[in-house]
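So the protein sequences, as listed, match chains Z and X. In this text, residue positions in the first sequence follow our numbering: the first is 3, and each later residue adds one. In this text, residue positions in the second sequence follow our numbering: the first is 5, and each later residue adds one.
Rather than coming from a laboratory, the hints here were simulated on the basis of the structure. The beta carbon of each residue, even a glycine, is placed where N, CA and C say it ideally should be. A hint or two may mislead.
[To be verified] Below, simulated DSS-like cross-link-like pairs (lysine-lysine); rule was C-alpha separation at most 30 Å, straight line: (1) X/K63 <-> X/K120; (2) Z/K5 <-> X/K110; (3) X/K119 <-> Z/K5; (4) X/K47 <-> X/K124; (5) X/K102 <-> X/K63; (6) Z/K30 <-> X/K63; (7) X/K47 <-> X/K102; (8) X/K119 <-> X/K63; (9) X/K110 <-> X/K47.
[What the hints assert, rightly or not] Distance windows between CB atoms, simulated: (10) X/K63 <-> Z/T98: 31 to 39 Å; (11) Z/S76 <-> X/V106: 37 to 45 Å; (12) X/D76 <-> Z/P112: 42 to 50 Å; (13) X/D116 <-> Z/T121: 31 to 39 Å; (14) Z/D84 <-> X/L49: 46 to 54 Å; (15) X/G29 <-> Z/L86: 47 to 55 Å.
Each chain is listed here by its residues.
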Amino acid sequence: MAKYRVIFIEESMEHLVEMSSAMLELEKGFANAEAIDMIFRMAHSIKGMAASLEYDSIAEVSHRLEDRMQEIRSAGSVADNDELALLFRGLERLETMVAAVRETGESPPPDLELVAVLTPSADESSKKKVLSPTL
Amino acid sequence: MARILVADDASFMRQMIREIVESEGFEVCGEASDGIEAIDEYKRLQPDVVTMDIVMPRKSGIDAVRGIMDIDPTACVVMCSALGQETLVTEALQAGAKDFIVKPFKPDSVIDTLKKVLEKEV
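Pulled out of the complex, with its shape left as it was, chain X reads as follows (with noise of 0.2 Å):
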């Protein structure tokens, strides 16, 4: 059973991702709510992936993909976007991100995603 970390700010977000996730069979390993406990959380829980918002206090969701691909370059990272943050995305792929979903969620979508980067992983 593939182990993500949740990263964003907004608790509604966190919990509608978990039920999406969870409802999968994936397990929530851990929440973040900004981009230094997200990097925090990653050294700790070492996820197989994080869902990471792009908008976060304290530190961006993108500085926080650099923190942790510091950290662990094989790490597989997945942001959260909303339309009209493209650019914010390609940052955050060359940062090391290995996909993205957008805003508002579509649960097939995000399911979708997950499992092709832990594909990749394997």
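Isolated chain Z, as found in the complex (with noise of 0.2 Å):
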């Protein structure tokens, strides 16, 4: 498992690069097309090897950000500079993640509260909760 330990954080690493440039695109433009299939083909790659390794935190955190880019791509464009920054804080964690596992060897520690809030629409359902009356 070591040298596909060593394979993952490689080819992690360059994926959290590409994913980097084309956020980066995407503040730029926010329907950029080729930026959007960019960043949801690489959260699946990343979800794919963590998962095959055991790094279930990093896992579903790509898996989410998965998920999330599945429903930009569906919409056709990011939603907003807040959607966006959800985008940029994912990219961020999993960096954080992959950081760790190269200093480690261990899976790191979940991230329950990103995961929740990259979930699609749960920012919707979230918002609709504040808008709610509490009686």
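Mind docking these for me? Both chains are given alone in their own frames, and the hints should help you get the complex.
Shown next, in the form of structure tokens:
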């Protein structure tokens, strides 16, 4: 498994660089289909590798990011600056998690709060909750 | 010995499949890292089986299945899917794929699936 851990770290770091570049492109235009597709594929790929090595926390964050990107693909555009900020947050968390694997060789702890907010439409339902009258 | 073409954009996954299938005596005759390369390598190598990732750059695995079936309607393609991709797997099977394996790969399951599709081809 050590061999695969090395490949995972190398390949994930490359994917995260690609993801970062694509997110910077999205800053210039929310509907950049190529950038949206790139982030989706990179998240999908990291998810598959992480799941294979039982790095469950990384698999979970990348899975939610992938789902979020699938929703953005369907919509054709990032909704707003808040959603873009959320994507950057997911990217930064993945960078931290992959770095933790490189340093410790272990699966990093889960980030349940991020997983919850990345889950597509979770922010919408939380907005609705805020807007609902509290009697 | 069955000859296998492995198509996946992640070298991690290609190595993992290679290790699994070679441990059972299959030969990996080629690798492809996107859908267009998969079609080109299919034409060149004429493998017995293709393991095909679904999400790939330039041309998706599903479109690559369609491209391969256009060249060779008897082609034997096994999709590599992840949980949550059931709709895409169905689409790939309708396009002509023979079966699918699910990531993360379980070696026994990969080998059983490959043997099953190869037996059907005989």
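A quick look at each hint next to the structure:
Using a Cα cut-off of 30 Å, the hinted pair X/K63 and X/K120 holds, with the two alpha carbons roughly 27 Å apart. With a C-alpha separation of about 18 Å, the suggested pair Z/K5 and X/K110 falls inside the 30 Å cut-off, and the hint holds. Pair hint X/K119 plus Z/K5 holds up; C-alpha atoms about 27 Å apart against a cutoff of 30 Å. Straight-line distance between C-alpha atoms of X/K47 and X/K124 comes to about 22 Å, which keeps the hinted pair within the 30 Å bound.
Restraint check for X/K102 and X/K63: satisfied, since their Cα atoms lie roughly 19 Å apart, inside the 30 Å limit. Proposed proximity of Z/K30 and X/K63 is supported: the alpha carbons are some 26 Å apart, at most 30 Å. This hinted pair checks out: X/K47 and X/K102 have alpha carbons roughly 18 Å apart, not beyond 30 Å. Distance hint between X/K119 and X/K63 is fulfilled; the C-alpha atoms sit about 27 Å from each other, no more than 30 Å.
At most 30 Å may separate the alpha-carbon atoms for a hinted pair to count; X/K110 and X/K47 meet this at roughly 29 Å. Taking 31 to 39 Å as the suggested C-beta distance range, the pair X/K63 and Z/T98 conforms, at roughly 33 Å. In this structure the hint that Z/S76 and X/V106 lie 37 to 45 Å apart at CB is violated, the actual value being about 24 Å. Restraint check, X/D76 to Z/P112: a C-beta distance of roughly 45 Å satisfies the suggested window 42 to 50 Å.
Evaluation of the 31 to 39 Å hint for X/D116 and Z/T121 yields a pass: the beta carbon distance comes to about 34 Å. Range check, Z/D84 to X/L49: Cβ separation about 48 Å, and the 46 to 54 Å hint holds. The given range of 47 to 55 Å is respected by X/G29 and Z/L86, whose C-beta atoms sit roughly 50 Å from each other.
When held up to the earlier numbered hints, the structure conflicts with hint 11 and nothing else.
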